[in-house]
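Peer 1: One letter stands for each residue in the lines below.
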Amino acid sequence: MKTIALAGNPNCGKSALFNLLTGSDAAVGNWPGVTVERKEGFSGGAEGLRWIDLPGVYALSPFTPEEQVTRRFLLEETPDAIVNLADASTPERSLYLTLQLLELDIPVLLVWNMEDIAAKQGISIDKPALSRLLGIPVLGVSALTGEGTKELLQAAGKAMRESRTGRIAWSREALPQCLRERAAELERQGERHSLFRAADALENDAENGTYASLFAEGRYSFIDACTRKAIHSPAGQAAPPALDRLFLSPVWGIPLFFLLMLLVFHVTFGASLFGSGVPSPGVFLHRSAERGLEMLSALLFSRMEPCFFRDFLSEGIFGGIGTALSFLPQILCLFFCMELLEDSGCMARAAFLLDAPLRRLGLTGRALLPALTGFGCSVPAFLSVRTLETERSRKIARFLIPFFSCGAKLPLYALLSAAFFPRRADQVIAGLYASGVLAAVCAGLFLHKITGEKDSQPFVMEIPAYRLPRWRNLRRSLGRHCGDYLNKAATVILAASAAVWLLSRITPDFMPADGHDSVLEYGGKLLAPFFTPLGFGSDGEGWKAAAALLSGLLAKEAAVSALGTLGGVEGLFTPASALSFLVFYLLYPPCTAALSVYWSEEPSRTWRLCAPAAWLLTAWGIAFAVYLIAAKF
Amino acid sequence: MRTRLSRLRPGSRAIVLRTEGDGALSHRLFALGFVPGTEIFCERLSPFGSPILVSLRGFRVALRRGEGERIFVETGDEDENHSTCG
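The listed protein sequences derive, respectively, from chains A and B. Going by the working numbering, the first residue of the first sequence is number 77, and it counts up by one from there. Going by the working numbering, the first residue of the second sequence is number 472, and it counts up by one from there.
Don't read these hints as lab results, they were simulated from the structure. Source: prediction; values computed, not measured. Possibly wrong hints are sitting among the right ones.
The list that follows gives simulated cross-link-like pairs (lysine to any residue, SDA-like), each with its CA atoms no further than 20 Å apart [what the hints assert, rightly or not]:
1. 196(A) with 529(B)
2. 78(A) with 237(A)
3. 196(A) with 526(B)
4. 234(A) with 79(A)
5. 196(A) with 311(A)
6. 305(A) with 529(B)
7. 708(A) with 687(A)
8. 234(A) with 120(A)
9. 78(A) with 236(A)
Where chain A lies over chain B, by a calculated footprint (3+ residues, C-beta under 8 Å) [unchecked claim]:
10. 474 to 483
11. 528 to 540
Cβ coordinates follow ideal geometry from the N, Cα and C atoms, glycine included.
Kindly produce the complete structure, drawing on both the sequences and the hints.
Peer 2: Shown next, in the form of structure tokens:
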């Protein structure tokens, strides 16, 4: 099977085209760097094609991890062709990467995306002329509507059958002698991409920086020549979007961002929308799901004879999964709002505004995406840390991510806050999210201090144009989250809640436990002293809280399932201990899936070992403080 | 007048003269088009004075003051001292 790589600048629509061609559902966003790993997909037709969606890059230099992924794939696994997707509204910058791709011994197709947007800005590209100048096929496509994909597939099929040797399009005569010699020598050794490798060695020569600037100037002067001949664009800079006067305003920008975040939480968790008494969409969805599941449960189990097996099915399996599932619509509501903010380009503005405060934590504005992704799930958040500039900032960011409360923790917040703080549920939840952020800020300040190095981190980030959020992207993203959640419910959560139920029904010597002396109770009581200072875990039923936290390590939702299986939360907590329990749950180490990603992403052994201990200690310390304060009221 | 990108006033235009520095960062700046002869427009500063929002070659990029220090530019307006001299 033939392989085609999709390469291009960040945020030029590669993933959208990839999804269109292969029917996949890779994440798409309006933020440079949404794709950090290569993705694979297949397109049908007479001869099937394997497509690789590569992380977006501006150049093939080997400096950031996502650039390395792209570079390594192209050099080492050499696809049969490269489809170089380019944003037609930024033709000059896009061509820079094209010129580097042309140095490789791989057929390249230059494909312009978003020509309609470019046309509105007065930019038009003469594709036949550009094709003559570059010596490769040049096409147009719309990753949004699918226009032009048929022609793209045809052209790609044709290009794949031909072989191509790399060339330096931007300079025919001015090539340094040493470059020619080196390339010829590499070719004699049978090395592929000899020209690229020779040029790359000169360009990235740490001793002698002059070639880097020489090559860059050479490429851009060739691009300027191409632009004059084949690209029509209006003179001068386009006026900045009017919306930026508001979103980037020195006075209103930051308050507006926080107001938007508050609105998101209110819409998702507010029991009374803007004080009107009508529940917010998130709460309404949750209640409907809960009611539906109750009806389903009644339908399924009311006719069965009461027996051990029925109890196992209704309490252990259905009760556990049901509690987790009833929160799915509400979680999707949160994701929907976040996706809206990201797709529209608002989040990238927030990165610009919040870069300076983030600098105090040893981070940059780019860290905002991993942090906000962390509100969804820590696993992709750990991966998106790769887009940060330096290893030190990646280390700090990875450590802070679990403090950004993931979506899986939400069911327990909603359950406990509705039970113990019925009038203030949304405030309690917003407060929890805020405390997580606050903990991250404090930990960041601390880590920045102890890891030394006062020199500033580099921060260079493209600010994308505003884009109307596309329903198709939103739907796809919600579908993906929904699938992940259902998947987890059917595996980890199912297993955990069945295990919790069984362990709560048998004694250590395998006799049926009649609500007392179960294995789980023993285990929970063993842990109880650890939690006693936090106000829960000690008295009568307290072991259930410890057991819930333990199963929360498998999957965060499993904690709420466990509480469901063990007979609910009534009487388990006082308001003060419920608060400290929630804070502990917010901050304690992430689930096993997230931990294993942390361990695979973190290169330092010391950090791998110390981070989970540090998370646990932080959780305990802050929960203890919260309990001391809350118990006074 | 010759100055650095980081010292440009919001709303002013300039031409890049050279970009100084090492390794990863200068490669990124080169790839984005900060090469001699490129016209840039300093659009605004963040509320904290850094990063700077610059537009060039039809797109916009945010960079910190420290990165702006490495980019030498030529602005159209005369140096105040020079203009008084002659």
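Peer 1: Now look at each hint and say whether the structure bears it out.
Peer 2: Here is what the structure says about each hint:
Of the supplied pair hints, the one linking residue 196(A) and residue 529(B) holds, its CA atoms being roughly 13 Å apart against a limit of 20 Å. Distance check on the hinted pair: residue 78(A) and residue 237(A) sit about 10 Å apart at the alpha-carbon level, within 20 Å; holds. This hinted pair checks out: residue 196(A) and residue 526(B) have alpha carbons roughly 18 Å apart, not beyond 20 Å. Annotation: proposed proximity of residue 234(A) to residue 79(A) holds, straight-line Cα distance about 13 Å (limit 20 Å).
Only pairs whose Cα atoms come within 20 Å are accepted, and residue 196(A) paired with residue 311(A) is accepted, the gap being roughly 14 Å. Distance check on the hinted pair: residue 305(A) and residue 529(B) sit about 17 Å apart at the alpha-carbon level, within 20 Å; holds. With a C-alpha separation of about 32 Å, the suggested pairing of residue 708(A) with residue 687(A) is violated against the 20 Å cut-off. Under the criterion of a C-alpha separation no larger than 20 Å, the hint pairing residue 234(A) with residue 120(A) is consistent with the structure, at around 17 Å.
Among the hinted pairs, residue 78(A) with residue 236(A) is consistent with the structure: their alpha-carbon atoms are about 8 Å apart, no more than 20 Å. Taking a C-beta to C-beta cut-off of 8 Å, the region 474 to 483 of chain B contributes 0 residues in contact with chain A, too few for the three needed, and the coverage statement is violated. As drawn, the region 528 to 540 of chain B meets chain A at 10 residues by the rule of a beta-carbon pair under 8 Å; at three or more, the given contact holds.
Consistency note: the structure conflicts with the earlier hints numbered 7, 10.
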